[in-house]
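Asks: Sequence:
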Amino acid sequence: MTIADFPRPQDKLAILRRIALFASCAEEQLHLIAERSRLVEYKKGETIYREGDRAEALYIIASGRLQVFTVTNGQKQLYTVLHNGDTFGEISLLTGETHSATVEALNDTLVLELQKRDFEDLINQIPSLVLHLSRVLSKRLRTKGHLASVGEATVVAIYSAAKGVGRTLFAVALAATVRRETNRRVVVVDFSTPEGETNRFLHMPHRLSPSRRGLWAEEAIQQDVHEHPLGFSFLYAGDVVPRQTGSGESLVAPIVSELANHYSYILLDLPVEIDATVLKGLTQADLIYLVSDCTRANVIRTGALLHQLREAVSHKDEQIKVILNLMEAGGERLSPAQVAHSVGRSANFILPHIASAAGELTPEELMRLLESRESPYTNTIRRIARELGGVLVGLALGSGAALGLAHIGVLKVLEREHVPIDIVAGSSIGALVAGLWAAGRGAEDLERLAMRFKDPWDIRRLFIFDMSLPILSLVIGILAGIIMAFLAGFWAGLLLGLIVCVFLGLLMGPLVGGPIQGAQLTAKLERDFAGKTFEDTWIPLKIVATDPIAREEVVFDSGSIAQAVRASVSIPGIFKPMTYRGKLCLDGGVLNPVPVGILKRSGVNRIIAINVFPTKAEIAAYQEDVQRRRAEWDAQLASRSFPVRLLARLRQEIARSFSPLIFDVIMRSMQSMEYQIAEVACREADLILRPTLAGSHWLEFYNPEKFIRKGEEEALRRLPELKHLAGMSEPPTTTALEAKLGRVDKVS
Numbered sequence: 003m004t005i006a007d008f009p010r011p012q013d014k015l016a017i018l019r020r021i022a023l024f025a026s027c028a029e030e031q032l033h034l035i036a037e038r039s040r041l042v043e044y045k046k047g048e049t050i051y052r053e054g055d056r057a058e059a060l061y062i063i064a065s066g067r068l069q070v071f072t073v074t075n076g077q078k079q080l081y082t083v084l085h086n087g088d089t090f091g092e093i094s095l096l097t098g099e100t101h102s103a104t105v106e107a108l109n110d111t112l113v114l115e116l117q118k119r120d121f122e123d124l125i126n127q128i129p130s131l132v133l134h135l136s137r138v139l140s141k142r143l144r145t146k147g148h149l150a151s152v153g154e155a156t157v158v159a160i161y162s163a164a165k166g167v168g169r170t171l172f173a174v175a176l177a178a179t180v181r182r183e184t185n186r187r188v189v190v191v192d193f194s195t196p197e198g199e200t201n202r203f204l205h206m207p208h209r210l211s212p213s214r215r216g217l218w219a220e221e222a223i224q225q226d227v228h229e230h231p232l233g234f235s236f237l238y239a240g241d242v243v244p245r246q247t248g249s250g251e252s253l254v255a256p257i258v259s260e261l262a263n264h265y266s267y268i269l270l271d272l273p274v275e276i277d278a279t280v281l282k283g284l285t286q287a288d289l290i291y292l293v294s295d296c297t298r299a300n301v302i303r304t305g306a307l308l309h310q311l312r313e314a315v316s317h318k319d320e321q322i323k324v325i326l327n328l329m330e331a332g333g334e335r336l337s338p339a340q341v342a343h344s345v346g347r348s349a350n351f352i353l354p355h356i357a358s359a360a361g362e363l364t365p366e367e368l369m370r371l372l373e374s375r376e377s378p379y380t381n382t383i384r385r386i387a388r389e390l391g392g393v394l395v396g397l398a399l400g401s402g403a404a405l406g407l408a409h410i411g412v413l414k415v416l417e418r419e420h421v422p423i424d425i426v427a428g429s430s431i432g433a434l435v436a437g438l439w440a441a442g443r444g445a446e447d448l449e450r451l452a453m454r455f456k457d458p459w460d461i462r463r464l465f466i467f468d469m470s471l472p473i474l475s476l477v478i479g480i481l482a483g484i485i486m487a488f489l490a491g492f493w494a495g496l497l498l499g500l501i502v503c504v505f506l507g508l509l510m511g512p513l514v515g516g517p518i519q520g521a522q523l524t525a526k527l528e529r530d531f532a533g534k535t536f537e538d539t540w541i542p543l544k545i546v547a548t549d550p551i552a553r554e555e556v557v558f559d560s561g562s563i564a565q566a567v568r569a570s571v572s573i574p575g576i577f578k579p580m581t582y583r584g585k586l587c588l589d590g591g592v593l594n595p596v597p598v599g600i601l602k603r604s605g606v607n608r609i610i611a612i613n614v615f616p617t618k619a620e621i622a623a624y625q626e627d628v629q630r631r632r633a634e635w636d637a638q639l640a641s642r643s644f645p646v647r648l649l650a651r652l653r654q655e656i657a658r659s660f661s662p663l664i665f666d667v668i669m670r671s672m673q674s675m676e677y678q679i680a681e682v683a684c685r686e687a688d689l690i691l692r693p694t695l696a697g698s699h700w701l702e703f704y705n706p707e708k709f710i711r712k713g714e715e716e717a718l719r720r721l722p723e724l725k726h727l728a729g730m731s732e733p734p735t736t737t738a739l740e741a742k743l744g745r746v747d748k749v750s
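Taking our numbering, the leading residue of the sequence shown gets 3, the next gets one more, and so forth.
Don't read these hints as lab results, they were simulated from the structure. A few of these clues could be false.
[Claimed, not checked] For lysine-lysine, the following DSSO-like pairs were computed, each having C-alpha atoms within a straight-line distance of at most 30 angstroms:
(1) Lys-118 x Lys-78
(2) Lys-323 x Lys-78
(3) Lys-708 x Lys-725
(4) Lys-78 x Lys-602
(5) Lys-526 x Lys-578
(6) Lys-46 x Lys-578
(7) Lys-118 x Lys-318
(8) Lys-45 x Lys-118
(9) Lys-602 x Lys-725
(10) Lys-708 x Lys-618
(11) Lys-526 x Lys-708
(12) Lys-585 x Lys-456
[Stated by the list, open to error] FRET-style restraints, in silico, Cβ to Cβ:
(13) Glu-53 x Pro-722: 55 to 61 angstroms
(14) Gly-98 x Arg-38: 17 to 23 angstroms
(15) Pro-550 x Gly-392: 33 to 39 angstroms
(16) Gln-678 x Ile-480: 21 to 27 angstroms
(17) Arg-670 x Glu-723: 18 to 24 angstroms
(18) Thr-49 x Gln-127: 30 to 36 angstroms
(19) Lys-602 x Ser-674: 23 to 29 angstroms
(20) Arg-38 x Gln-77: 35 to 41 angstroms
(21) Thr-617 x Glu-707: 33 to 39 angstroms
In this text the structure is predicted, and so the values were computed from the model without any measurement. Even for Gly, the Cβ is constructed at its ideal location relative to N, Cα and C.
The task is simple: from the sequences and hints, build the whole structure.
Replies: Structure (structure tokens):
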């Protein structure tokens with residue numbers, strides 16, 4: 003807290019005239035209030051008073067933002083956000099009670115304080131204040147205990163360590179896209195000098211009026227902020243903050259706080275040269291986007307700047323996001339992986355290169371680019387905007403073996419109806435479908451891949467010719483074969499040795515992790531994914547596996563997609579586990595069959611979960627139907643001849659003696675467990691799709707049509723809810739779902 007000594011008496015009067023509490027006061031009364039009050043500055047994060055403190059003063063916000071909250075059982079509950087002109091603290095002064103909430107500065111804030119003794123004197127001298135305060139008191143007491151609907155502004159600083167890395171283009175594109183995706187007001191503030199990078203790019207020569215040299219008044223919004231055809235507002239503040247003299251620092255917070263009364267998103271385009279004014283802009287921001295290209299020199303500068311920001315700005319790492327622009331530039335270029343190693347963290351977003359005939363993108367070209375459905379740059383900007391706007395839509399594809407083919411049907415509807423998906427996560431079969439989709443294979447292509455397994459032999463040969471035979475079983479089989487060869491001949495020995503080897507291998511396979519090696523499956527995955535990595539996906543991808551030793555999830559979001567999928571589909575007791583970075587990886591469904599939580603932790607606000615496990619009620623109904631059909635069959639069989647009845651009974655006994663196989667026991671036991679976990683996980687989802695088919699076998703990959711058709715039917719049935727969740731009030735003009743192969747957009 004600092005007592006401000008720079009305001010002139012007329013500045014205090016200008017503030018008081020804007021306060022509703024003093025609207026009925028005469029001029030001499032305002033002079034009296036100005037004499038009794040003092041102007042106090044609170045830095046971002048400072049507390050004005052705490053819950054339970056004794057009332058000492060009436061507070062009036064001159065500029066800035068304050069949050070009012072309570073803490074219950076260690077949990078912070080936001081009550082409201084106060085802006086310019088709001089008063090607070092009067093209830094405790096009038097009632098004599100302690101403060102019922104804590105008030106904290108969201109950014110640097112100027113507050114007029116009227117001490118308790120002066121407040122009581124003024125009430126006696128100005129009766130109109132009593133009437134106004136009684137109304138305020140009545141209104142607040144009626145709403146006490148109820149959380150307000152807070153529509154708070156978000157301040158974003160856009161900064162870079164070097165010029166020419168695409169910062170200004172990014173700021174303009176982001177502003178236009180945030181406006182489009184959220185339908186909320188957005189303003190870009192250009193603090194560059196002498197003319198402003200954003201200002202020059204937009205061809206808008208407007209400047210802040212020379213009179214704006216003191217506290218910023220509300221009328222400045224109408225006079226100095228201008229609208230751009232792309233839908234956002236623009237303010238050039240380069241000459242209101244004279245950075246050369248160092249006096250501009252004190253004006254950054256008032257400008258930001260006044261804009262916060264009118265705009266939901268405030269984007270600060272800050273110049274490269276770091277000084278007190280720039281640091282002030284960074285400290286006032288809720289979020290910092292640090293833009294860099296891939297040249298080694300600029301990457302080194304960005305790494306140093308990131309370290310400097312951590313020390314100078316009280317922001318957590320998640321509040322500073324690195325934007326890597328793949329633009330063409332001179333000098334040695336680094337790959338995204340090399341940039342991550344140099345900077346010490348992966349880029350949060352990678353902006354694909356965009357070409358311009360003129361060499362530098364013009365505002366007109368930008369407008370056309372943002373209208374494009376197929377621009378990788380636009381789709382990446384769109385995901386950044388949706389994350390910033392809190393409207394990210396995530397898709398969680400669950401496990402379920404062949405039942406998971408229903409995911410393909412859902413994807414067909416999402417693509418056909420242009421329902422936007424910003425990030426996808428998958429577990430087990432869901433990891434396979436999600437990985438292929440994110441790698442650029444459309445839903446129709448996925449359906450064609452599924453149709454390859456219509457012949458049951460095609461799926462079984464991946465297992466039969468990939469047996470993981472322990473060395474011991476091989477040795478015993480050879481010895482048994484040699485002995486039999488001496489006793490009954492070569493061919494008898496060869497046959498017995500093979501039988502013993504396979505039989506012992508099946509029995510001992512689980513002792514070495516699983517009877518199926520997985521080499522055939524890995525080779526097929528490598529062919530299907532064509533060597534693509536997570537960095538090559540057109541949509542951010544998360545794949546989940548399980549570490550049974552540590553009893554924790556293993557989340558893949560970098561490296562080979564094929565290897566990640568191989569880990570996620572490793573059914574315990576069937577497939578040999580895969581080792582990844584020293585961790586033993588099994589089927590992701592063991593711990594997280596529907597990865598809703600992964601999307602939550604990735605900042606997704608709206609989640610669609612696909613759970614293909616039939617409910618208990620569906621299974622019970624299916625079993626009743628099976629019993630009914632069996633009774634009908636038995637009744638028909640009773641009327642047949644004795645030989646027919648004998649053969650039928652013999653066939654039943656043979657089938658019963660070999661059923662269920664050990665693989666079936668393992669898999670159905672796993673799915674029983676996964677069903678329970680999935681039900682709990684899906685409670686956090688905003689929308690749950692259940693394309694279930696009770697009675698279908700987990701290995702029924704040879705009948706994909708029915709699963710895909712069920713997925714389509716369920717998605718179409720819930721289509722209005724899907725569109726509402728995605729914020730589609732009308733048919734969209736852009737969609738990321740029509741992206742082509744080879745995209746490199748990524749969120750890590």
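Asks: For each hint, tell me whether it holds in the structure or not.
Replies: Now the hints, each set against the structure:
Straight-line distance between C-alpha atoms of Lys-118 and Lys-78 comes to about 29 angstroms, which keeps the hinted pair within the 30 angstroms bound. Our distance criterion of 30 angstroms between C-alpha atoms is met by Lys-323 and Lys-78, whose separation comes to about 25 angstroms. Between the alpha carbons of Lys-708 and Lys-725 the distance comes to roughly 25 angstroms, so the proposed pair stays at or under 30 angstroms and holds. Annotation: proposed proximity of Lys-78 to Lys-602 holds, straight-line Cα distance about 20 angstroms (limit 30 angstroms).
For the proposed pair Lys-526 and Lys-578, the alpha carbon gap of about 16 angstroms is at most 30 angstroms, so the pair holds. For the given pair, Lys-46 sits about 55 angstroms from Lys-578 by alpha-carbon distance, which is inconsistent with the 30 angstroms threshold. The straight-line distance between the Cα atoms of Lys-118 and Lys-318 is roughly 38 angstroms, outside the 30 angstroms bound, and the hint therefore fails. Pair hint Lys-45 plus Lys-118 holds up; C-alpha atoms about 23 angstroms apart against a cutoff of 30 angstroms.
Among the hinted pairs, Lys-602 with Lys-725 is consistent with the structure: their alpha-carbon atoms are about 20 angstroms apart, no more than 30 angstroms. A hinted pair counts as satisfied when its Cα atoms are at most 30 angstroms apart, and Lys-708 with Lys-618 qualifies at roughly 21 angstroms. Distance restraint check for Lys-526 and Lys-708: the Cα-Cα separation of roughly 24 angstroms lies within the 30 angstroms cut-off, and the hinted pair is therefore satisfied. Straight-line distance between C-alpha atoms of Lys-585 and Lys-456 comes to about 35 angstroms, which puts the hinted pair past the 30 angstroms bound.
With their beta carbons about 44 angstroms apart, Glu-53 and Pro-722 fall outside the hinted range of 55 to 61 angstroms. The hinted window of 17 to 23 angstroms between Gly-98 and Arg-38 holds, with their beta carbons roughly 21 angstroms apart. Checked against the given bound of 33 to 39 angstroms, the beta carbons of Pro-550 and Gly-392, roughly 36 angstroms apart, stay inside it. Checked against the hint of 21 to 27 angstroms, the pair Gln-678 and Ile-480 fails, with Cβ atoms roughly 45 angstroms apart.
Checked against the hint of 18 to 24 angstroms, the pair Arg-670 and Glu-723 fails, with Cβ atoms roughly 31 angstroms apart. Separated by about 31 angstroms at the C-beta atoms, Thr-49 and Gln-127 satisfy the suggested range of 30 to 36 angstroms. Range check, Lys-602 to Ser-674: Cβ separation about 25 angstroms, and the 23 to 29 angstroms hint holds. At roughly 39 angstroms, the beta-carbon separation of Arg-38 and Gln-77 lies within the given 35 to 41 angstroms, and the hint holds.
Checked against the hint of 33 to 39 angstroms, the C-beta distance between Thr-617 and Glu-707 comes to roughly 23 angstroms, which is inconsistent with it.
Of the numbered hints given earlier, the model fails hints 6, 7, 12, 13, 16, 17, 21; all others are met.
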